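**Student:** Sequence:
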Amino acid sequence: MIRAARLAAAVLPLVGLAALWAQSDRTYHTGTEWEVPIEGYDPRDYLRGHYVEFSYDWPGIDEQRDNDFAALCLEGQAPRITRVADVEAGTVCANPLRAEGEHVYRWDALTRGRLYIGQDRAAKLEKELRNRDQRGIVTIRQREDGSFTPISIRFRPLTPEEVAERDAQDAETEQRFDPPAIMSSP
290 MIRAARLAAA VLPLVGLAAL WAQSDRTYHT GTEWEVPIEG YDPRDYLRGH
340 YVEFSYDWPG IDEQRDNDFA ALCLEGQAPR ITRVADVEAG TVCANPLRAE
390 GEHVYRWDAL TRGRLYIGQD RAAKLEKELR NRDQRGIVTI RQREDGSFTP
440 ISIRFRPLTP EEVAERDAQD AETEQRFDPP AIMSSP
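FYI, in the numbering used here the residues of the sequence shown are 290 to 475.
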């Protein structure tokens with residue numbers, strides 16, 4: 290009897306741990322995958338591991354406005370997002386996203402993201418992140434409750450419109466920080 294109790298005491302925590310892992314794995318692999326453009330990449334290699342930090346560039350969200358939102362509604366046909374809108378209280382949304390207090394970025398999770406990557410891919414990814422002629426795309430997995438997880442990153446060449454926009458922004462920045470010429474009087 291004592292032997293059976295000891296065996297149960299040793300096995301029961303392992304069974305519980307396996308059940309928690311299985312539930313977590315099932316939750317991670319459940320949901321709809323969407324591709325989200327990103328900007329402002331920041332590759333990291335700290336003791337916590339390899340990861341890339343980025344800012345989401347949600348289609349349809351005006352970058353001039355204050356990006357202080359707690360919930361968004363994705364519109365389009367997965368995986369392609371055509372537009373994203375703020376979710377007002379009481380609004381029905383087929384594909385909601387919400388910020389979670391438990392997320393690494395807390396309530397800022399709809400603005401910024403973090404994707405953990407394997408050590409073998411880190412060096413290659415860092416090189417790709419430096420290429421200004423590419424656009425980063427993060428695939429997120431959105432669940433029915435509005436929670437989401439970044440699951441992968443890929444790159445595609447910039448479109449001619451994106452190149453023109455980038456060049457115009459560069460010219461504007463250069464013009465802003467160019468010191469005025471000093472005129473001397475004759």
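Incorrect hints may have been included.
[What the hints assert, rightly or not] When the alpha-carbon atoms are kept at most 20 Å apart in a straight line, the in silico SDA-like pairs for lysine to any residue are as follows:
#, residue 1, residue 2
1, K416, I442
2, K416, H339
3, K416, T400
4, K416, R403
Rather than coming from a laboratory, the hints here were simulated on the basis of the structure.
No experiment lies behind these values; they were computed from the predicted model shown.
**Student:** Each of the hints needs a verdict: does it hold here or not?
**Tutor:** Evaluated hints:
no., hint, in the structure
1, K416 to I442, "holds (13 Å)"
2, K416 to H339, "holds (14 Å)"
3, K416 to T400, "violated (24 Å)"
4, K416 to R403, "holds (18 Å)"
The structure is inconsistent with hint 3 alone, although it conforms to all the rest.
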